[in-house]
Amino acid sequence: MPDRDTVSYNTMIQGCVRNRNLSAARQLFDEMPHRDTVSWNTLISAYAECGRVELARQTFDATPNKNSISWNGLLAAYVQNGRLDDARKLFDSNPHWEAVSWNAMIAGYVRRKRLVDAQLLFDRMPRRDIISWNTMISGYAQNGDIAEARQLFEISPNKDVFTWTAMVSGYAQNGMMEEARRVFNEMPDRNSVSWNAMIGAYMQCGNVGEARQLFEAMRCRNISSWNTMVTGYAQAGMIEDARRVFDEMPQRDSVSWAAMIAGYSQSGFSEEALRLFLEMGRNGERVNRSSFTCALSTCGDNAMLECGKQLHGRLVKAGYGLGCFVGNALIAMYFKCGSIDEASMAFKEMKEKDVVSWNTMIAGYARHGFGNEALQVFDQMRTKGIKPDDVTMVGVLSACGHTGLVDKGIAYFNSMHKEFGVSPKAEHYTCMIDLLGRAGRLAEAQALIRDMPMEPDATMWGALLGASRIHKNSKLGEKAAEKIFEMEPENSGMYVLLSNMYASSKKWTDVGKLRKIMQERGVKKVPGFSWIEVKNVVHSFSVGDLVHPEKEKIYAFLEELDMKMKTAGYLSATEMILHDVEEEEKEHLLKYHSEKLAVAFGILNVPPGRPLRVIKNLRVCQDCHNAIKYISAIEDRLIILRDSNRFHHFNGGSCSCGDYW
DNA sequence: TTAGGGTTAG
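My numbering numbers the first residue of the first sequence as 1 and each following residue consecutively.
Simulated from the structure, these hints should not be mistaken for lab results. Treat the hints with caution; some may be incorrect.
Unchecked claim - With beta-carbon atoms standing in for the labels, derived distance ranges:
{"#": "1", "residue 1": "96", "residue 2": "389", "range": "37 to 47 Å"}
{"#": "2", "residue 1": "21", "residue 2": "653", "range": "53 to 63 Å"}
{"#": "3", "residue 1": "216", "residue 2": "286", "range": "45 to 55 Å"}
{"#": "4", "residue 1": "69", "residue 2": "220", "range": "25 to 35 Å"}
Said to hold, decoys possible - Here are the computed lysine-lysine pairs in the BS3-like style, where the Cα-Cα straight-line distance is at most 30 Å:
{"#": "5", "residue 1": "418", "residue 2": "475"}
{"#": "6", "residue 1": "353", "residue 2": "309"}
{"#": "7", "residue 1": "479", "residue 2": "535"}
{"#": "8", "residue 1": "351", "residue 2": "317"}
{"#": "9", "residue 1": "516", "residue 2": "506"}
{"#": "10", "residue 1": "472", "residue 2": "524"}
{"#": "11", "residue 1": "353", "residue 2": "425"}
{"#": "12", "residue 1": "591", "residue 2": "553"}
{"#": "13", "residue 1": "513", "residue 2": "525"}
{"#": "14", "residue 1": "418", "residue 2": "384"}
{"#": "15", "residue 1": "113", "residue 2": "159"}
{"#": "16", "residue 1": "553", "residue 2": "513"}
{"#": "17", "residue 1": "317", "residue 2": "348"}
{"#": "18", "residue 1": "472", "residue 2": "418"}
{"#": "19", "residue 1": "535", "residue 2": "475"}
{"#": "20", "residue 1": "551", "residue 2": "516"}
{"#": "21", "residue 1": "524", "residue 2": "566"}
{"#": "22", "residue 1": "525", "residue 2": "507"}
{"#": "23", "residue 1": "353", "residue 2": "113"}
{"#": "24", "residue 1": "472", "residue 2": "351"}
{"#": "25", "residue 1": "408", "residue 2": "317"}
{"#": "26", "residue 1": "506", "residue 2": "525"}
{"#": "27", "residue 1": "425", "residue 2": "113"}
{"#": "28", "residue 1": "483", "residue 2": "425"}
{"#": "29", "residue 1": "479", "residue 2": "513"}
{"#": "30", "residue 1": "535", "residue 2": "472"}
{"#": "31", "residue 1": "535", "residue 2": "317"}
{"#": "32", "residue 1": "89", "residue 2": "516"}
{"#": "33", "residue 1": "475", "residue 2": "513"}
{"#": "34", "residue 1": "506", "residue 2": "591"}
{"#": "35", "residue 1": "506", "residue 2": "535"}
{"#": "36", "residue 1": "483", "residue 2": "513"}
{"#": "37", "residue 1": "408", "residue 2": "472"}
{"#": "38", "residue 1": "591", "residue 2": "524"}
Backbone N, C-alpha and C define an ideal beta-carbon position, used for all residues, glycine too.
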């Protein structure tokens with residue numbers, strides 16, 4: 001007979017665990033007069049769920065009468081927390097496992113993409129059940145081995161709705177939409193998951209119409225179905241349709257909110273994204289990790305450092321301090337706001353780091369021109385045994401490019417396939433064209449474009465055009481520009497780049513011609529503006545700004561600064577301006593570029609000793625870049641400027657970009 | 001212990 005007292009204690013402990021109140025659970029457990037195996041097992045699985053693997057192990061070791069549930073609990077603790085090798089040790093230490101445990105171990109391998117280990121275990125299994133088969137089938141399907149999945153599917157002794165749905169989404173995820181649809185049509189039974197998988201697949205391949213038709217024909221719609229539609233519309237750029245579905249849906253959960261926030265955030269509707277984030281909390285919905293992640297990403301995109309810090313505080317309070325997605329979003333936010341120190345703090349504080357965490361650090365340092373730091377992180381990553389992926393290599397190559405480590409970059413590029421198993425893709429070739437071009441090795445950059453195993457795209461020609469501008473090779477620049485205009489006739493940034501190149505060679509007739517072409521084609525130069533956040537208020541400036549309330553103070557200060565700069569040896573680079581006007585007027589226009597206005601405003605309003613963080617929507621102009629170097633020395637300020645391409649840290653008269661951008 | 005919806009790096 002079970003002790004009635006013990007049973008009610010167990011029930012209470014389970015209640016605490018459901019509310020994730022571990023300490024209350026532990027207290028009850030400690031004060032129990034008699035514990036049975038259920039009590040011990042409850043505690044083991046509670047620790048497992050909260051990621052406290054060591055405590056789970058200790059509890060397991062102390063459990064007097066272990067049953068199969070105790071063993072499975074500890075196994076799950078290891079598997080769920082990614083400690084597969086510990087799980088395997090435990091698994092091998094006990095010959096009496098049930099199918100559930102075999103399946104758990106196999107699923108763990110599958111989740112970590114260790115298909116070989118999964119298959120070996122599957123082959124050794126004495127009695128496979130349908131879940132074992134399904135785990136293997138979906139494992140292969142989701143890892144791109146659709147042929148193997150299909151083969152297992154054919155020979156599997158039983159098939160249920162899981163099996164069929166795994167095949168549908170497997171085909172869909174591998175871009176085989178016709179097969180996916182065929183399997184979907186053939187399925188003997190479909191549930192809402194099967195429908196949602198098919199709808200989501202259509203959405204992901206851009207077939208919004210087919211997705212909508214299925215959604216409308218579907219009778220077993222659940223929240224996920226609606227969420228799929230919200231996400232699909234948002235990702236197709238149909239943000240209004242997404243909002244309509246979001247408003248129409250009969251019930252929302254935290255995923256619905258997160259999907260809508262992400263939609264706004266990714267479509268550039270930052271205000272709406274942040275507003276919805278706040279509304280989510282007010283509506284009593286528990287703000288989940290993904291909403292935090294999206295909101296952080298919005299702050300990063302707009303360089304709203306203060307807002308980002310507030311979110312950081314809120315998410316720590318909400319208990320979301322750990323975890324890869326949130327942590328990675330924090331790192332990225334701090335980098336994008338120009339705060340390298342806080343980015344690396346956030347990185348250090350993460351208990352578990354995934355490949356994205358490392359990639360974010362490498363790319364972050366690279367964008368700031370801290371190439372050596374980026375490469376140090378890359379070395380640490382390899383020391384820790386984390387396998388670099390294609391994004392890692394983009395970061396590494398651009399770190400080399402932005403720091404002038406040309407030979408190192410070439411060496412990484414040549415060995416990346418052999419050493420890291422990452423074969424060069426278009427992005428890597430773009431990095432290399434940029435790297436060679438910046439270094440003035442234009443012929444090699446051209447040769448690379450010619451001999452690549454893929455067609456060059458506009459970004460690659462853009463890298464070559466940028467390099468031609470820096471090294472004043474207008475012939476090559478023209479060739480690159482021609483290609484770009486063929487592919488992207490409305491890319492105004494490239495017209496400006498080309499025009500600047502003509503201007504710096506004083507080819508004013510060509511500048512004029514180009515301006516005429518731009519007019520004819522209706523290409524508008526995007527107006528440049530810069531902004532700076534002071535005391536939680538964003539101040540933005542355009543060239544020759546006459547709107548800002550403190551404009552007189554700013555202009556007077558700039559005049560003063562100009563004198564000091566000239567004394568220190570500054571020459572205004574009148575050659576870089578777009579228009580062919582009188583020298584004096586050119587100088588006048590340059591003096592009041594938006595980035596200079598924002599810097600001047602910052603010096604006047606940010607307490608001495610604190611860095612200035614200025615953002616510009618376009619690339620920084622050469623004259624401003626030169627001037628801000630002088631200003632950083634004269635005013636003894638760290639000035640961090642984010643332009644559309646990268647970061648510049650101006651300090652003591654020089655810039656972290658080493659004058660290449 | 002298996003299938004679907006949200007989030008991070010470029």
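Comparing the hints with the structure gives:
Hint check: residue 96 to residue 389, Cβ distance near 39 Å, so the stated range 37 to 47 Å holds. Between residue 21 and residue 653, the C-beta spacing of about 57 Å keeps the proposed range 53 to 63 Å intact. Take residue 216 and residue 286: their Cβ atoms lie about 31 Å apart, and the range 45 to 55 Å is violated. In this structure, residue 69 and residue 220 meet the distance hint of 25 to 35 Å, their C-beta atoms being roughly 34 Å apart.
A hinted pair counts as satisfied when its Cα atoms are at most 30 Å apart, and residue 418 with residue 475 does not qualify at roughly 37 Å. About 21 Å separates the Cα atoms of residue 353 and residue 309, which keeps this hinted pair within 30 Å; it holds. Note on residue 479 and residue 535: the hinted pairing is violated, with a Cα-Cα distance of about 47 Å set against a maximum of 30 Å. Between residue 351 and residue 317 the CA atoms are separated by roughly 17 Å; this keeps the pair inside 30 Å, and the hint holds.
Note on residue 516 and residue 506: the hinted pairing holds, with a Cα-Cα distance of about 17 Å set against a maximum of 30 Å. Restraint check: the Cα-Cα separation between residue 472 and residue 524 comes to about 25 Å, which is no more than 30 Å; the hinted pair holds. Distance restraint check for residue 353 and residue 425: the Cα-Cα separation of roughly 25 Å lies within the 30 Å cut-off, and the hinted pair is therefore satisfied. Simply put, residue 591 and residue 553 have alpha-carbon atoms about 15 Å apart, close enough for the 30 Å limit, and the pair holds.
Of the pairs offered as hints, the one joining residue 513 and residue 525 holds, with about 15 Å between alpha carbons and a cut-off of 30 Å not exceeded. In summary, the hint linking residue 418 to residue 384 is supported, as the alpha carbons are separated by about 19 Å, within the 30 Å threshold. With a C-alpha separation of about 23 Å, the suggested pair residue 113 and residue 159 falls inside the 30 Å cut-off, and the hint holds. Our distance criterion of 30 Å between C-alpha atoms is broken by residue 553 and residue 513, whose separation comes to about 39 Å.
Proximity of residue 317 to residue 348 is assessed by CA-CA distance (about 19 Å); at most 30 Å being required, the pair is judged to hold. For a cut-off of 30 Å, the pair hint linking residue 472 to residue 418 is broken: about 36 Å separates their Cα positions. With a C-alpha separation of about 48 Å, the suggested pair residue 535 and residue 475 falls outside the 30 Å cut-off, and the hint is violated. Taking the CA atoms of residue 551 and residue 516, the gap is about 34 Å. The hint is violated against a cut of 30 Å.
Distance restraint check for residue 524 and residue 566: the Cα-Cα separation of roughly 34 Å exceeds the 30 Å cut-off, and the hinted pair is therefore not satisfied. Of the supplied pair hints, the one linking residue 525 and residue 507 holds, its CA atoms being roughly 20 Å apart against a limit of 30 Å. Distance hint between residue 353 and residue 113 is fulfilled; the C-alpha atoms sit about 17 Å from each other, no more than 30 Å. Annotation: proposed proximity of residue 472 to residue 351 is violated, straight-line Cα distance about 49 Å (limit 30 Å).
Between residue 408 and residue 317 the CA atoms are separated by roughly 44 Å; this puts the pair beyond 30 Å, and the hint is violated. For the suggested pair residue 506 and residue 525, the alpha carbons sit about 20 Å apart, so the restraint of at most 30 Å is met. Restraint check for residue 425 and residue 113: the C-alpha separation of about 22 Å stays at or below 30 Å, so the hint holds. Pair hint residue 483 plus residue 425 holds up; C-alpha atoms about 20 Å apart against a cutoff of 30 Å.
The suggested pairing of residue 479 with residue 513 holds, with an alpha-carbon distance near 16 Å, which does not exceed 30 Å. Under the criterion of a C-alpha separation no larger than 30 Å, the hint pairing residue 535 with residue 472 is inconsistent with the structure, at around 42 Å. Between residue 535 and residue 317 the CA atoms are separated by roughly 24 Å; this keeps the pair inside 30 Å, and the hint holds. Distance hint between residue 89 and residue 516 is unfulfilled; the C-alpha atoms sit about 73 Å from each other, more than 30 Å.
A hinted pair counts as satisfied when its Cα atoms are at most 30 Å apart, and residue 475 with residue 513 qualifies at roughly 16 Å. Distance restraint check for residue 506 and residue 591: the Cα-Cα separation of roughly 20 Å lies within the 30 Å cut-off, and the hinted pair is therefore satisfied. For the given pair, residue 506 sits about 43 Å from residue 535 by alpha-carbon distance, which is inconsistent with the 30 Å threshold. Between residue 483 and residue 513 the CA atoms are separated by roughly 18 Å; this keeps the pair inside 30 Å, and the hint holds.
A hinted pair counts as satisfied when its Cα atoms are at most 30 Å apart, and residue 408 with residue 472 qualifies at roughly 25 Å. Using a Cα cut-off of 30 Å, the hinted pair residue 591 and residue 524 holds, with the two alpha carbons roughly 23 Å apart.
Violated hints for the displayed structure, listed by number in ascending order: 3, 5, 7, 16, 18, 19, 20, 21, 24, 25, 30, 32 and 35.
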